[in-house]
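Chemist: In case you want the letters, here they are:
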Amino acid sequence: MSNQIEITHSFAGVDFPQLERSLRHPRTLVSSLLSLLTGFVTVVACVPLFSVLFMLIYRGGKRLSLSLFTQTPPSAFESGGGFGNAIVGTLTMVGIAALISVPFGVLAAVFLAEFGPKSKTASAVRFCAKLLTGFPSILAGVFAYAAVVLMTGSYSAPAGGVALSILMLPIVMLTAEESIKMVPHKMKEAAIGMGATQTQVVWRVTLPSAMPGMLTGVMLAVARASGETAPLLFTALNSNYWIMQDGNLALMEPTASLAVLIFNFSGVPFESQIELAWAAALVLVLIVLAVNIGGQVLSRKRVTR
Amino acid sequence: MIMTNTLDSSIVAEPNTNGKNVVIDCKIRNLYYGKFRAVRDSHIPVEEGQVTAFIGPSGCGKSTALRCLNRMNDLVRGFRFDGHVHFRGKDIYHRNVDPVAVRRYIGMVFQQPNPFAMSIYNNVAFGLRLNRVKDDIPERVESALRGAALWDEVKDKLKNSGLSLSGGQQQRLCIARAIATEPTVLLMDEPCSALDPIATRRIEELMTELKEKYTIAVVTHNLQQAQRVADKTAFMYVDTSDGGRTGYLVEYEDTGQLFEDPKEEYTKQYIRGEFS
Ligand SMILES: Nc1ncnc2c1ncn2[C@@H]1O[C@H](COP(=O)(O)OP(=O)(O)OP(=O)(O)O)[C@@H](O)[C@H]1O
Ligand SMILES: [Mg+2]
Numbered sequence: 001m002s003n004q005i006e007i008t009h010s011f012a013g014v015d016f017p018q019l020e021r022s023l024r025h026p027r028t029l030v031s032s033l034l035s036l037l038t039g040f041v042t043v044v045a046c047v048p049l050f051s052v053l054f055m056l057i058y059r060g061g062k063r064l065s066l067s068l069f070t071q072t073p074p075s076a077f078e079s080g081g082g083f084g085n086a087i088v089g090t091l092t093m094v095g096i097a098a099l100i101s102v103p104f105g106v107l108a109a110v111f112l113a114e115f116g117p118k119s120k121t122a123s124a125v126r127f128c129a130k131l132l133t134g135f136p137s138i139l140a141g142v143f144a145y146a147a148v149v150l151m152t153g154s155y156s157a158p159a160g161g162v163a164l165s166i167l168m169l170p171i172v173m174l175t176a177e178e179s180i181k182m183v184p185h186k187m188k189e190a191a192i193g194m195g196a197t198q199t200q201v202v203w204r205v206t207l208p209s210a211m212p213g214m215l216t217g218v219m220l221a222v223a224r225a226s227g228e229t230a231p232l233l234f235t236a237l238n239s240n241y242w243i244m245q246d247g248n249l250a251l252m253e254p255t256a257s258l259a260v261l262i263f264n265f266s267g268v269p270f271e272s273q274i275e276l277a278w279a280a281a282l283v284l285v286l287i288v289l290a291v292n293i294g295g296q297v298l299s300r301k302r303v304t305r
Numbered sequence: 001m002i003m004t005n006t007l008d009s010s011i012v013a014e015p016n017t018n019g020k021n022v023v024i025d026c027k028i029r030n031l032y033y034g035k036f037r038a039v040r041d042s043h044i045p046v047e048e049g050q051v052t053a054f055i056g057p058s059g060c061g062k063s064t065a066l067r068c069l070n071r072m073n074d075l076v077r078g079f080r081f082d083g084h085v086h087f088r089g090k091d092i093y094h095r096n097v098d099p100v101a102v103r104r105y106i107g108m109v110f111q112q113p114n115p116f117a118m119s120i121y122n123n124v125a126f127g128l129r130l131n132r133v134k135d136d137i138p139e140r141v142e143s144a145l146r147g148a149a150l151w152d153e154v155k156d157k158l159k160n161s162g163l164s165l166s167g168g169q170q171q172r173l174c175i176a177r178a179i180a181t182e183p184t185v186l187l188m189d190e191p192c193s194a195l196d197p198i199a200t201r202r203i204e205e206l207m208t209e210l211k212e213k214y215t216i217a218v219v220t221h222n223l224q225q226a227q228r229v230a231d232k233t234a235f236m237y238v239d240t241s242d243g244g245r246t247g248y249l250v251e252y253e254d255t256g257q258l259f260e261d262p263k264e265e266y267t268k269q270y271i272r273g274e275f276s
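From first to last, the protein sequence lines stand for chains R and W. Position 12 of the first sequence, counted from 1, bears residue number 12 in UniProt numbering, the numbering being contiguous throughout. Position 140 of the second sequence, counted from 1, bears residue number 140 in UniProt numbering, the numbering being contiguous throughout.
FYI, nobody ran anything at the bench for these hints, they're computed from the structure. Glycine is no exception: its CB is placed at the ideal position from the N, C-alpha and C atoms. All clues stand as given, with none of them false.
20 Å max Cα-Cα, derived EDC-like pairs, lysine to aspartate or glutamate:
1) W:Lys27 <-> W:Asp41
2) R:Lys130 <-> R:Glu178
3) R:Lys118 <-> W:Asp74
4) R:Lys186 <-> W:Asp74
5) W:Lys263 <-> W:Glu274
6) W:Lys268 <-> W:Glu251
Here are a few chain W residues that face chain R, going by a calculated C-beta distance under 8 Å:
7) Asn70
8) Val100
9) Arg103
Make the full structure from the sequences, and use the hints.
Modeler: Shown next as structure tokens:
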């Protein structure tokens, strides 16, 4: 054995490097151990995620049926029912929040990235946005309560939307700024060289090229907002009715949402409502997933357009 | 000219000594980036229907001079220009002139291919849309792509992203994009530096074809390339005498004349390869 190694190492007086992997080398050993460790930690990190998913599908999947989407929640001793109104409520409020936060966030990001990246205003705004990402969501609720609920005199979907938009805004803004900054300078230079004004450069080159990244940010924000409960407790409250009643849009009434429904029903001692909470949690996860996939598909289409 | 006439192009060009029309008459007295004087005392006329090459060692201000011709330097903070650039007799640095309008007449192809992150078709149609051209966009896109010798390679995949092309194809796409709006002058800053010899050859052939319709000014590091494509050559050099690194024009001549019988000592040394 040792003889053989001798031979492979020195052939006709020329030294050959040892290329074979050998566990006897400390370096290879450490490297293999570290690979093992990272693999193990990854698996451990996935355990909570998959156990939550498993429980959601196991407990929530049982109640999955069409009536969930078409009916309103049952009262304490009833069985059956659904949470169609809460789905609509969540979609409405997240939609309102997106309508507010996306234009503001994107335009602010254009300012941060393109017009005054180094100005005092920009660094102040950026700092505030970063603070706002860690803003306790319940405070967003309190703010919207004071600003919208007290002003309009009622709990409502727009109040919930405003509260959620405060949480979405910094995410949209910061990711949009990052993706605008990622657009290569040479691309903008090309547009300027063709006689594009600064506005045209932003609208026709920078924003379309940054679109995939910005969409990802919006998706992240939507995912965060749809799961928020605390800000809605103060602003949209809850409701057992549809937001559309007899053809009238009851926008300025308390509005149901999946998150609040889960919060309410998971704490009650009634089996039917607990089951409904599980099903609602599953549906919420599926909605967020669908929005994410939709965003990915859209952004991929945009790139090759 | 298919664009809105913001800049009056009807003014007759100044005649040059040998009878050719000078489209752009560029006279740089002093050009500063902040406190740094980058170029001084250079007078470079660009003649109609000709290829004018800018050669010289790195850092001598070739790109700077070229980018003066369509006011691309305006984007640089601290840029100051003393001199004039007469485009068909009009000073494009006059305070009433809109640099955006200038760039629509004087297009630019950059050193690095820089297609937009959109389809090949939309890349070429971009300038047309900027100029609010509504008619015959597909035809114009096709003829621009043919003009850039790219049509046969991309005609079946116009919807693909411009970024999916090879480097040489991307550069020809950029040329197609620049000529789609039929500019009067095309500026090219080392258009072949990122390309292999074959793609380089194609672009050189292209320049020779394009000068039938357009006036071209090109920066190049490659002396053979200048000899192959250029009718006129401007040799710039760096002056370090006053402690700075200021570029200036040493010699401007017919290409043949400049390479065979240069008047200036620096030019001789440079084309003999004694410094780079
Ligand atoms: N945006 C800028 N800001 C400050 N200085 C600059 C800028 N661009 C160029 N310069 C300086 O101006 C001088 C001329 O640069 P320029 O890019 O015109 O050289 P060049 O002849 O094109 O060189 P190369 O052949 O390497 O491209 C250099 O000293 C350079 O450092
Ligand atoms: Mg250069």
